[in-house]
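Residue numbers (this note's numbering), protein chains in the order written: chain A, 325 to 518; chain B, 3 to 323; chain C, 3 to 203; chain D, 39 to 230; chain E, 10 to 455.
Be careful, since some hints might not be right.
Stated by the list, open to error - Taking CB as the label site, the calculated pair distances span:
1. D:K170 - A:G482: 33 to 39 Å
2. B:F70 - D:Q131: 49 to 55 Å
3. B:L198 - C:W193: 47 to 53 Å
4. E:E447 - D:I134: 36 to 42 Å
5. A:T449 - D:L125: 36 to 42 Å
6. C:R201 - B:A23: 36 to 42 Å
7. E:E447 - B:A23: 29 to 35 Å
8. C:W193 - B:A23: 27 to 33 Å
9. A:K383 - C:W193: 52 to 58 Å
10. C:W193 - A:A340: 19 to 25 Å
11. E:P227 - B:L198: 52 to 58 Å
12. A:T449 - D:F105: 53 to 59 Å
As the list claims (entries may be wrong) - Quick look at which bits of chain D chain C covers, simulated, 3 or more residues with Cβ under 8 Å:
13. 62-68
14. 108-116
15. 156-167
16. 175-185
Hints are computed from structural coordinates only; laboratory data are not their basis.
Even glycine gets a Cβ: it sits at the ideal position worked out from N, Cα and C.
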Amino acid sequence: MRDLIKMVVVLTVICACSALVLSFANQATREQREYQVLKYVKEPSIKAVLTGYDNDPIKDRVTLKMGTDKKGKPIRKNIFPAKKGGKVIALAYGSAATGYHGLIEVMVGIDINGKITGVSIMTHTETPGLGARVVEPAFTGQFKGLVLSDALKVKKDGGKIDSVSGATFSSRGVVTAVRQALESFSKIKKEVIS
Amino acid sequence: MKHPELTVSVSPHIHSGYTVARMMYENAGALIPVALAGWFFFGWPALKILALSAGTALLVEWGWEKLFGPPANIRDGSALLTGLLLGCILTTEVPWWIPILGSLVAITVGRHAFGGMGNHPFSSVLVGWAFLEISYKEILETYPLAEPRFLLEASEFFSDPPLIAMKDDLESILEVPWSELFFGNVPGTLGTVCVLAILLGGAYLLYRRIITWHIPLSFIFSAWLFALIMWQVDPEVYAPPTFHILSGWMMFGAFFLATEKGTAPVTPLGMIFYGIGCGVLTIIIRTWGIYTEGVPFAILLMNGATPLLDRIKPGTAGRSR
Amino acid sequence: MSVAREFTKGLWDEIPPFRLVLGLCPTLAVTTAAQNGMGMGLATTFVLLGSNVLISLLRNVIPKKVRIAAYIVVIASFVVIVELSMQAYFYPLYKVLGIFIPLIVVNCIILGRAEAFASKNKLLPSIADGLGIGLGFTLSLTFLGAVRELIGAGTLFGRYVMWESFQPLSIMVKAPGAFVCLGLILCLMNWIGAMQKRRQG
Amino acid sequence: MSEYLLLLVSAVFVNNIILARYLGNCPFLGVSNRLDTAVGMSMAVVFVITLASAATWIVQTYVLTPFDLEYLQTIAFILIIATLVQLVEMFLQKSIPTLYRALGIFLPLITTNCAVLGVAVLAIQNEYGFVKTIFFAFVSSVGYGLALILLTGIRERLNVAPIPVHLKGTSIGLITVGLLALAFLGFAGMVH
Amino acid sequence: MKTIRGLRVPGLQDDVSPAGFRHLPVPERVVLPLEFSLGKVNPVVEPGQQIRAGEYVGRDENQMIPPVRASVSGVVTEITPWPSADGQKLLSVVIEANGDEEVVRLPLNGNGESKPESLLRRIAEAGIREVDAYAWPLAVRLAQPSLTPPILLPFAPALRKPVRYLIINGMDRQPGVSVRRNAILAEEKELLESVPLLKQITAAETTLITIYKDQKLPADFERKVSSLGAELLKCPRTYPLALKQGLIPYVTGEKLPGPNDDARSVGAVMLDVTTAQRIAAACKEGYPAVETSVEIIEPARGATTHVKVREGTLLEDLLAQLPDRPQNPAKTIIGGPFLGYAQYQFRIPLTQQTDSVVFQSKDELTHFVNAPCMNCGFCVRHCPMGLMPGDLSRLCEYGHFEAAEKAGLFHCIECGICSYVCPAQRPMVQLLRFGKSEMLAVQEAS
Ligand SMILES: Cc1cc2nc3c(=O)[nH]c(=O)nc-3n(C[C@H](O)[C@H](O)[C@H](O)COP(=O)(O)O)c2cc1C
Ligand SMILES: Cc1cc2nc3c(=O)[nH]c(=O)nc-3n(C[C@H](O)[C@H](O)[C@H](O)COP(=O)(O)O)c2cc1C
Ligand SMILES: Cc1cc2nc3c(=O)[nH]c(=O)nc-3n(C[C@H](O)[C@H](O)[C@H](O)COP(=O)(O)O)c2cc1C
Ligand SMILES: Cc1cc2nc3c(=O)[nH]c(=O)nc-3n(C[C@H](O)[C@H](O)[C@H](O)CO)c2cc1C
Ligand code: SF4
Ligand code: SF4
Ligand code: SF4
Ligand code: SF4
Ligand code: FES
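In isolation and in its complexed conformation, chain A is listed as follows:
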């Protein structure tokens, strides 16, 4: 019996100490980890879609609640503002739509007037050599300078975007994601600037 109690006590103490230390470690590193993830995952895309800023868009990020998911939890969305001399000149944020094989996540840069400054594909699972070619500048470059009123559709659907040959589905996915980003721009702009 003594043994048993000792076993339970020791294990409990070890577990408790462990939990304590770990939760402390978790707290201590949380900020830094979030920053790192964004820096390495998002920064290359942000750099690709925004130009001419002098701040760290990641440090200055604004987190917005954008509706709720199926379970009623709020969806948080990071908006990365590009500033020049302290003034916001453009925003970059992610958007996603389904391609041929699941989600294609894109980063869209939009200047303060609602004009696209750049589009970059962050993640996708399209077929190498086919759908995967939507990441190429030849495709993403087409979006630069477009606004919401432009026909943001692939040519097959009557728009002005040339789809990657042999990969209509993937192209369509990207275009949809970009369009969705533009559609929410005015709302986001208001919240970020205020």
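Take the given structure of chain A and dock chains B, C, D and E with the ligands to it, following the hints.
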């Protein structure tokens, strides 16, 4: 009577006289038509590549024998054969160090690390080739045009090897006469394009009983059948079965590579299963894989299954004790 | 054995994974480059050292029956700390090592040292043991990573060092290269071992 | 349906957990000398990996994620797996002694097997649902078993071959696995 | 019918011309071994004792093993271990001959002379021994169930089976030997006489004389055979079809259950034409088995001589009597190129189990080398027993004897085909024998 000098040994007291060296040299001899076809379509560079790969193989074998002794044996011709086979599956466009590196890997990692001929689980030729293919896909897959020396005109149908043409544009291969593929008037690796030459060599191997019909026939037939089924399912997407068996390394693989001694099963049923595995995997890899040619990987995979297939024993006469 | 001996044995006589054939998965998976190998090695060393210290200190407190569970908790706690800090401060390495960071917890070496050494020895030898084995592991992984990186990519610690026309044998940084390369190094170790033995008589 | 088929091809052939993902090497090289042992080990691995992935999925979904405890994943999973293997061992010993005799000796070996924890973590990383997690764990471990059995066939033959002396044992075993992985590269690109 | 795998060696299986037998004079001395694979007999003579050809030299008290009879008349000089063809030393009786050619006939057993029981007794008494090794003595194998001594039945249930097939085998055991083919040509009368006797004894449903396709036969042979109620079965020239492990499945369609089982377990009896001829001589003439026919083969010169000598003649004495003796042999093999034993000396007695002596020249010597198996599968293609000799030999080479046994080691009949075809020139049979002996040693120890 005086005791004469008598030799004593265990029975039997005779031997067929058919030795490893003879088998290897005959097997290499079967490559003569193949090499000639390589020269016919791709010119002197074909012989240069063969010489480089065979020369390196012999040199490495010699070195290994000097360093570590038997079972390495430069005189038994197995290294020569390995080198020649490796040369046959390269194009004439590769730089000179490719056959050298390939032979080096084939003889050392592919062969002698495992205790030499007959003990290496994977075809040493294909191990050498796969090292190159994985590392230098672009170099290995740069194809020369076929330029027949005489008799035939340069092909008007193919500027790419048939299998690449198949992947790029299925329609383009449909109007090609099969004879074009049969004679090998297509871009490709130097020893694998000419089905005619390979069949001649293969027939010699069969005639000399170096190989039996089981592996080549089940390999080619199962590939044909599987391709036929797919073709029936959707002829717009999948190539015709006859195209599959006449193009690429199918014939060369079935007669010369899949039958490499030591890496293929030895029982009749085992050989047939092995051939079927090779055939079906070839078509699968050709159709859905990222590598143009399925034959080498199919053979390597089935090499891996050989010890298990060899567990299918021929019916022992009698129950087990 | 002296403390120094406990330390040095991990650097040659029992160097993992070449002599002590354990912990093969991270060895094979992360040694595509010298830097990755070194990072993995150091992370493992940290956990090894930490768990050796703690287990050595607690060795008289932990009841025999629950010792394995206790060790696992200790080791896993250190792994989580490594995981969190790497994510915070060495993100690219964290990404490259990926799933193999949490897998340090099942690395056969660590539990092995806890059970075989730290649970029976005082603090100082346990530190020496953990450091020695850990550094040995780091050296091995760095070496294997360097070889694979050099032949497979032509670089060393990310810097290009081969001649200009060199075409890397990129199979070396893929799965087959990992296995074959480690196999050949083990062969080399066997050979060296045999040479040493012969010299000793 | 086709989704599951692709997952099967992916887990068994393209991303085989041992030949492409390097998980579970130590027991892989340890038990691949005799075919009957390899078959036993394969069955044990399939059993434990599938069970463990299901258990860890439940804990992740209903405990760790809702309470923002994801950072405890590693420690939670390893404890679950260790406990689970213990329980399975006790259960088998009591209830299905024949199965216990077949698998028993392998169970402790599996506790410290990267493959078990690895598959569990991968299933979470890939954000599979419950059924898909179980399927993924099952086919992944079947892939492990397949590779193990193929390797064992080869190694049984290498036991009676004149392997150069310094290459004997683990060394040639690793080279063989390397060449097996080389062969499996033929499946590359068939599915993601 | 079930054809077996095996080997064809065209040159060695060609037909020989009917040479008949050269009868050699009685030798000066004979050596008669008393030990056999079935067991040993006890000597019933003593040194110094006078003896006549045909009288007992050794007998088995249990009357299971056929007795040994003197093959020459003369004086018993010693009873001593003597080297035998297979390299053993066997207790043997040495008789100094007096040149008398007479042989004492077997006593007639009253008037029941043609009843199967008395025929069987006569066969048992005649001292007939067979070239092939069988599990039971000839008289036991031949007896139909009603004639089998009941005491044997509990030990050998196979003997309860009626005899469906009686096979008189006229094919030679191995390529390169033509003793049986010659015997059919030279002693046709005895062969034909034996058929009704054997049919009567065995009560066989079917009686077959097996010969090679296109084998040279005495004139009108087929008709004579069928008039006796027997059939001529023409078989392919595949070695080792003429051995029981090959012929029994070929004829009956059933495999022998185990490596040591007798044909009776599938209801068949098989014996040599030469054995059949000895049976006829014993039953019709009362002539005991004191002679043996031996083929002297010298492949280098293409020479082959069939001789009839008294049993126990030493090879040395035989050679001395030959006018055309072999020139400087490098190797001397008693028992044929595939199955025989190489000798280191010539003082070896030729017994009824000896069918041939081969003299090889230096150029014909085989060199088996200790090369690794290249897994070419040639041996698998040819092994008549359906084994994988390559695998077996590796297992034996590396000491995995139990695995080899599981893979069928003891089914190997040591026919030598795998060694013959192996391109790596591995000493296959030697390795397999080594494995068997090690395994037997292990079993004996436990
Ligand atoms: C392995 C495989 C991968 C495929 N990948 C894609 C893909 O990434 N995108 C796509 O649109 N279709 C893909 N397909 C689907 C077929 O090509 C399908 O026929 C095509 O989507 C419809 O053809 P169409 O759009 O030209 O009419 C894939 C099919 C297979 C077998
Ligand atoms: C193996 C394979 C992979 C494919 N991958 C893609 C892809 O990644 N993205 C895509 O949009 N279509 C993909 N396709 C779909 C087809 O190419 C389909 O014909 C195409 O979507 C039609 O678009 P197109 O009108 O631009 O040719 C794939 C098809 C196959 C057979
Ligand atoms: C075993 C071996 C491997 C070689 N590997 C390569 C190689 O990977 N890449 C390469 O360009 N040259 C390789 N070489 C060949 C030489 O580097 C050759 O001189 C070089 O390719 C000449 O090319 P350059 O004229 O473009 O400099 C190799 C040579 C040998 C003997
Ligand atoms: C494994 C290996 C790889 C080699 N790779 C190259 C290479 O990429 N480029 C090269 O010029 N030479 C290479 N060499 C060959 C050697 O360095 C060559 O003789 C000189 O480079 C001559 O230009 C290689 C040699 C070996 C053994
Ligand atoms: S094993 Fe036998 S045959 Fe071989 S060398 Fe020794 S004694 Fe001679
Ligand atoms: S000697 Fe034995 S193993 Fe060899 S072929 Fe004859 S029966 Fe088969
Ligand atoms: S014939 Fe010789 S080399 Fe060929 S498999 Fe048989 S033993 Fe091996
Ligand atoms: S092991 Fe070989 S050499 Fe020794 S007795 Fe047996 S057959 Fe003869
Ligand atoms: S490190 Fe993966 S099983 Fe040991």
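Which numbered hints are broken by the structure, listed smallest first? 10, 12 and 16
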